[in-house]
Amino acid sequence: MNITPDIKSIALFFILFVPGFISMKVYDMLVPREERDYAKTIYAIIAYSVFNLALIYPLLGIIQKHIWAWYLCIFALPVLTAYLFFKVITSGWLNRLTKEVQEPILTPWDWVFRKKKPYWVIVRLKDGSRIGGVYSEGSYASKYPAKEQIYLENVYTLDDNDDFVEMIPGSAGMIIFGEEILAVELYSSVESEDGSNEQEETEEQEYGKG
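FYI, the numbering for the sequence shown is 704 to 913, going by my numbering.
Simulated from the structure, these hints should not be mistaken for lab results. Just so it is clear, CB atoms sit at the ideal spot from N, CA and C, and this is done for glycine as well. Certain hints may be false.
As the list claims (entries may be wrong) - Quick list of simulated restraints, FRET-style, between CB atoms: (1) L756 to A875: 47 to 57 Å; (2) A750 to P872: 49 to 59 Å; (3) Y854 to V753: 38 to 48 Å; (4) A849 to A747: 22 to 32 Å.
Build out the structure end to end from the sequences listed, making use of the hints.
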């Protein structure tokens with residue numbers, strides 16, 4: 704019995720499955736979430752593919768004449784549509800337009816650190832100790848569904864008033880595990896006239912655990 708798939712079956716698979724699958728994977732990379740069961744989302748994948756097809760339908764006559772245009776529609780367009788969809792639903796104007804749109808970011812941890820803004824950080828641990836440091840380009844915070852962990856590229860000593868005193872000599876940073884954290888205080892990083900960074904007291908955010 705010949706079970707070799709014909710060219711039309713392969714083409715149908717690419718048109719109805721691949722664009723939607725790519726869109727969904729890209730969106731999941733932008734919005735941290737639990738591992739998706741793709742076997743249960745096959746209809747959503749097909750719907751995303753049909754949506755991408757609808758976008759290119761007015762240009763179908765032109766696209767059919769160029770094989771490279773098909774590759775762009777199958778592989779590149781789904782990436783673009785997923786990114787644009789993410790930007791739209793996370794934009795401030797849309798949230799003001801309707802309160803029915805659910806924020807796709809699942810945890811305060813991800814909401815704060817996905818912005819990739821530099822902060823002066825004070826981490827308060829459950830044992831009562833404190834860690835001062837800098838969260839910047841060389842730092843990293845884990846994303847959902849991974850457990851909360853944060854790497855601070857620079858670590859500072861703190862005085863009794865929680866002021867940053869000096870960077871710990873020879874330190875290459877510190878990794879702090881979420882289960883030890885009680886709260887994370889974030890202070891905006893500003894540049895002083897001499898070019899050095901200073902702590903901005905007026906913009907404080909706090910992330911509390913348990």
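Evaluation of the provided hints:
For the hinted restraint 47 to 57 Å between L756 and A875, the CB-CB distance of approximately 51 Å keeps it satisfied. Look at A750 against P872: about 57 Å separates their beta carbons, and that is inside 49 to 59 Å. Remark: the range hint 38 to 48 Å for Y854 to V753 is upheld by a beta-carbon distance near 42 Å. The hinted window of 22 to 32 Å between A849 and A747 holds, with their beta carbons roughly 24 Å apart.
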